[in-house]
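Fit chain B to the given chain A structure using the hints.
Number of protein chains: 2
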Amino acid sequence: MPQSPIGPELQRMIDLLAKLPGLGPRSAKRAALHLLSKREGLMRPLAFAIAEAAEKVEACTVCGNLDSINPCAVCTDETRDTSVLCVVQDVGDLWAMERAGAHRGRYHVLGGLLSPLDGIGPDDLKVGGLVERAHSDDVREVILALAATVDGQTTSHYIAEQLDASGVDVTQLSQGVPVGGELDFLDEGTIAAAMRTRRPA
Amino acid sequence: MPQSPIGPELQRMIDLLAKLPGLGPRSAKRAALHLLSKREGLMRPLAFAIAEAAEKVEACTVCGNLDSINPCAVCTDETRDTSVLCVVQDVGDLWAMERAGAHRGRYHVLGGLLSPLDGIGPDDLKVGGLVERAHSDDVREVILALAATVDGQTTSHYIAEQLDASGVDVTQLSQGVPVGGELDFLDEGTIAAAMRTRRPA
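Chains A and B, in that order, give the protein sequences. Okay, so the first sequence: first residue is 1 according to this note's numbering, each after it adds one. Okay, so the second sequence: first residue is 1 according to this note's numbering, each after it adds one.
Bound conformation, chain A alone:
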């Protein structure tokens, strides 16, 4: 076997890039060559930005969002409605909700979903903090924006139970036909759910 034509420093960068979701070994090499061709404009700034984010970005102690200030910009945004909390699985889902622009309240990031199969129980999620916030803040409504999966449903049920004593309204995202969704391409479960929860046209 001939020696690899790729030196150790370059190989190390490629190996680490290949661990990013969305990049494999082949595309990590392409990314490495692209970086080396743009050293000042991209490569050094990226190294600096990753190091700086690793240093400064942390989980908000109130809601679990990731930000370089704590409490985070969402929690300290005075224009947001503090009476509505939206519960999401992770920060990616918080960003998705914000992209949709459908929620102007605050958030609570669970950090996962209950999953007996994966050994994830209530103690692994930030449910305690949520119950506390529901009691202590001026919260009126908690919206459960969790995945429409078995784990998501189980988690929603569990949280609704835990919030029972707080007296807040607990709601969840409705299930149905996605916007732009053609029935022909939808799974039976979604169509059945959309039928069950049909409403006046």
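Note that these hints are calculated values from the structure, not bench results. Predicted model, so just to flag it, every value in this text is computed and none were measured. Just to be clear, a hint being listed does not mean it is correct.
Each pair may be met inside one copy or between any two copies, as identical chains are not told apart.
Derived pair list, reagent style DMTMM-like, types lysine to aspartate or glutamate, alpha-carbon separation capped at 25 Å [stated by the list, open to error]: (1) Lys126 x Glu78; (2) Lys19 x Glu58; (3) Lys38 x Glu52; (4) Lys126 x Glu182; (5) Lys38 x Glu58; (6) Lys38 x Asp118.
Below, chain B without anything else, positioned relative to chain A:
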């Protein structure tokens, strides 16, 4: 429009990650969350590896390969056949040749292909260095391993002309049916080329 839920440090890292080939804005966000969830194991090492590669990796002054030593590991590998030079478009193609394990000589990285449409002429490529090497080294054969495109062919013709006076054998990769290729899915040009260059079975 509400304030973005993503702080400036995080957004900056995401914007730079999104400039990598293979990552878009959406997958850059996913990559950022993945990095933040693996700060010690992946994020800080990656920042360090990119910074170190930016510092240490440079183009080999002999062949144009990228390495942290100069001349590169390929050029200084005593076990390689110094009489055969393989001409490739870029370092990615050098790596592809090495993956194939079909060349045990040295390389010459052109840095591109002639392309009148894109305004890339002979002076933009490292042809001069190649002609010099073909004359001065103990080179017997120059293999043109360039793309089977119009630009690749044009470049091969041009290089063959330039090397005429050196007296070395100039060869190029043959064109034909790719290994595992089904005729039904091949373009007409490839089939026609494979017919023209057919050989005894």
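Comparing the hints with the structure gives:
1. Taking CA atoms no more than 25 Å apart as the test, lysine 126 paired with glutamate 78 passes inside one copy only; the shortest distance there is 24 Å, against 60 Å between copies.
2. Within a single copy, lysine 19 and glutamate 58 get their C-alpha atoms as close as 21 Å, and across copies as close as 24 Å, so both meet the 25 Å cut-off.
3. For the identical chains of this complex, lysine 38 and glutamate 52 are neighbours both inside a copy (20 Å) and across copies (14 Å), given an alpha-carbon limit of 25 Å.
4. Neither within a single protomer nor between protomers do lysine 126 and glutamate 182 lie at most 25 Å apart by alpha-carbon distance, with minima of 37 Å and 55 Å respectively.
5. Taking the shortest alpha-carbon separations for lysine 38 and glutamate 58, only the inter-copy value of 12 Å comes in at or below 25 Å, while the best intra-copy value is 29 Å.
6. When the C-alpha separation of lysine 38 and aspartate 118 is checked against a cutoff of 25 Å, the pair qualifies only between copies, where the shortest distance is 20 Å, while the shortest distance within a copy is 42 Å.
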